[in-house]
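Undergrad: What follows is the residue order along each chain.
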Amino acid sequence: MDKFKDILKLFLISLKIGLFTFGGGYGMLALIEHEFTEKRNYLSAEEFADMVAIAESTPGPIAINAATYTGYKRAGFFGALAATLGVCIPSFIIIFVISLFFNAFLSYKIVQYAFRGVQACVIFLILYTGVKTFIKLKKTPFGIAVMCVTFACMTLLGLFAVDFSSVFYILISGAAGLFVYLAGLVAARIKRGKK
Amino acid sequence: MIYAKLFLVFLKIGAVSFGGGYGMISLIRESVLEYGWLTEEKFLDFIAVSESTPGPLAVNMATFIGASQAGIGGALVATLGVVLPSFAVLLVVSAVLGNILKYAGVKAVLGGIRPAVTAMILSTAVLMAAPLFFGADSVYGEFSFKWKNVAVFAAVAALWLFFKIVLRRNIPPVLLIIFSAAAGIAVYSL
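For the record, the sequence lines run as chains A and B. Here this note's numbering is used: the first residue of the first sequence is 1, the next is one more, and so on. Here this note's numbering is used: the first residue of the second sequence is 1, the next is one more, and so on.
Treat the hints as calculated values from the structure; they're not laboratory data. Remember, predicted model here, so these are calculated numbers, not experimental data. One thing to keep in mind: the hints can contain errors.
Claimed, not checked - Simulated crosslink set (PhoX-like; lysine-lysine; CA at most 20 Å straight-line):
| hint | chain 1 | residue 1 | chain 2 | residue 2 |
| --- | --- | --- | --- | --- |
| 1 | A | Lys109 | B | Lys42 |
| 2 | B | Lys102 | A | Lys138 |
| 3 | A | Lys139 | B | Lys107 |
| 4 | A | Lys136 | B | Lys107 |
| 5 | B | Lys164 | A | Lys132 |
| 6 | B | Lys164 | A | Lys136 |
| 7 | B | Lys102 | A | Lys73 |
| 8 | A | Lys138 | B | Lys107 |
If we strip away everything but chain B, and leave its shape as in the complex, we get (with noise of 0.2 Å):
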């Protein structure tokens, strides 16, 4: 039943998930991979499309991915997981714990998950620049350097450090990813 199966990963991933959007990448990059809900690099495109239009990351991925594989049934249902742990958990908070970082044992706990998120995050990077750049998703996977995708990958890092060094402000992701679909149409026309 791929309604409730959508459902129940995504309400673990709300309930579980750290650090907003991008905190998220690792835990729904291992659930549709997984489920063969999406390839590697269709994610990649749906990461894209979620971070190029408005609202949270964490919502624009859950209705993408519910809708590619059931519909507008699934969409509903993958937004309403995601979404349904965070409302009950700050319901919750803020009617009766109020402020939860002045309880010492909350701030323990914090400690320990914020590095390991920023540490999953970093991971999850590296995971998925393997098989774009050097063609292999494991070692025992077969080695071909991928220079076309390196390539776009270092022109992106280039545009977004003249923007910090030259012009002194941070590049909208929006524009980095529409200069790196011109750049990807110009190495792929070749």
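Here chain A stands alone, though its shape is the one from the complex (with noise of 0.2 Å):
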């Protein structure tokens, strides 16, 4: 019965972390330390930052992996899956109705102006998340490299309507992550066998 209150709190408190963060991810990673670790000690500090750098380094929206470790973590299984339809469901549920009268709205002069005006707004937006990102990164040559590498090819093909799935930049680039740091190890070796 406690599993129980336990969870059913778990996805009440999510509910709410999904339903007043906005901008995904990282608004949503300031409330989940507010609610699970400043107020309930669900988390230490150190778990918390082990969460984050867990979420960040895992697929998929960062919110969504940090709710799953986070529920884990507090009830297991059932725990996980509580905190992660939590943070979904308001979602879902406010855009799903959007959905239903967006193409209504759309018809109106007035808001397809607007609209023209938000377009210019989310490219800034994208850049400057990109440029954030940037500045974020770990800046070794290597990374360099492949930043240049996959941006110049990227928006050549794009230029020029090559079709190239996204995907392979990411699989390309963590294997060659791993050959790098294969390489050296291999050099490294090597190296001390000559002494």
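Using the hints, build the complex out of the two chains.
TA: Following this line, the structure appears as structure tokens:
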């Protein structure tokens, strides 16, 4: 019974987090820290820092990763399920309701004008996020090389209308990272062998 | 079968994307354009709505795109698809692996992926700016300078700078979006 209460509580807190965060993962992390670390001690400060690093390093939406991890730590599989559902349900309902009226809404001239302005703003937001990500990036020579090559390939292929899925950039760059690391290990071993 | 397609496309996106919502933008954009689900402009509208409503950007985008193609069922399968890989991976990580960053191999792979994702976000901004500002989505299109869109972009950038330099704070994205909507109404009603 206690466990059930725990899971229900996780669900309700996650629902609140899902309902009150704007702008995705990073905004949500602040609220998760407030609810789970400061108010309730579900995660220690150290565990929270680990959780953020893991959520950023695994595929998928950061908020979902964070919710699943935190929920599991607190109450196992059903805790993870409750937290993830809680984070998703408010967005799902809100967006679904909007989608019902969106086309009708867009048929007004003034709304179309507003959205044309908004489109330019979204370009700014994407660019801004890209620059912010770049600033946070650890700048190793290898990393800079991967970045420049990916940027050049993707932009040029895109502008020349060549089909090439972005999935490959992720797979190739991940493999390249592993290859460089392994090559470094082998090189170090050969060096040691010579001495 | 639209449900299966939506589910699989978003499952793939959820499984291979890194760096949260904006890290996914390039993959989502390619898929919606490839299947003809949205135009480039509609896609930008969807991002704006997803950014201005609560919740994770990726979940909002999946729900929105799913709903636009196949109603409530589409919204459900697309959202489930984008969430499922995350959920499964994190379950394994938290139950079995613990802090995966202690493995040197994982760090090495991420050392390659992180810069690539950064480049993908920047490149997507450039590729989406091309049709919006110059009227052509590739070098084969007809070039026409869309000064009204560029003017709104400049105004948004100026407002952001004003907050950053004069008020010394980051302006919330929602405020930027509201401002740009007003700016859009102003320049297009001219």
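Undergrad: Hint by hint, note whether the structure agrees.
TA: Structure-based check of all given hints:
1. A/Lys109 with B/Lys42: Answer holds: A/Lys109 to B/Lys42 is near 15 Å, not above 20 Å.
2. B/Lys102 with A/Lys138: Satisfied, since the Cα-Cα distance of roughly 17 Å is no more than 20 Å.
3. A/Lys139 with B/Lys107: Holds, because 14 Å separates the two Cα atoms, which is no more than 20 Å.
4. A/Lys136 with B/Lys107: At roughly 16 Å apart (the allowed maximum being 20 Å), B/Lys107 and A/Lys136 satisfy the hint.
5. B/Lys164 with A/Lys132: Holds, at about 14 Å.
6. B/Lys164 with A/Lys136: Given pair B/Lys164, A/Lys136 holds - Cα atoms ~18 Å apart, limit 20 Å.
7. B/Lys102 with A/Lys73: With Cα atoms ~18 Å apart, B/Lys102 and A/Lys73 stay inside 20 Å; holds.
8. A/Lys138 with B/Lys107: With a Cα-Cα distance of about 12 Å, the restraint between A/Lys138 and B/Lys107 holds, given a limit of 20 Å.
Consistency with the previously given hints is maintained throughout, with no hint failing.
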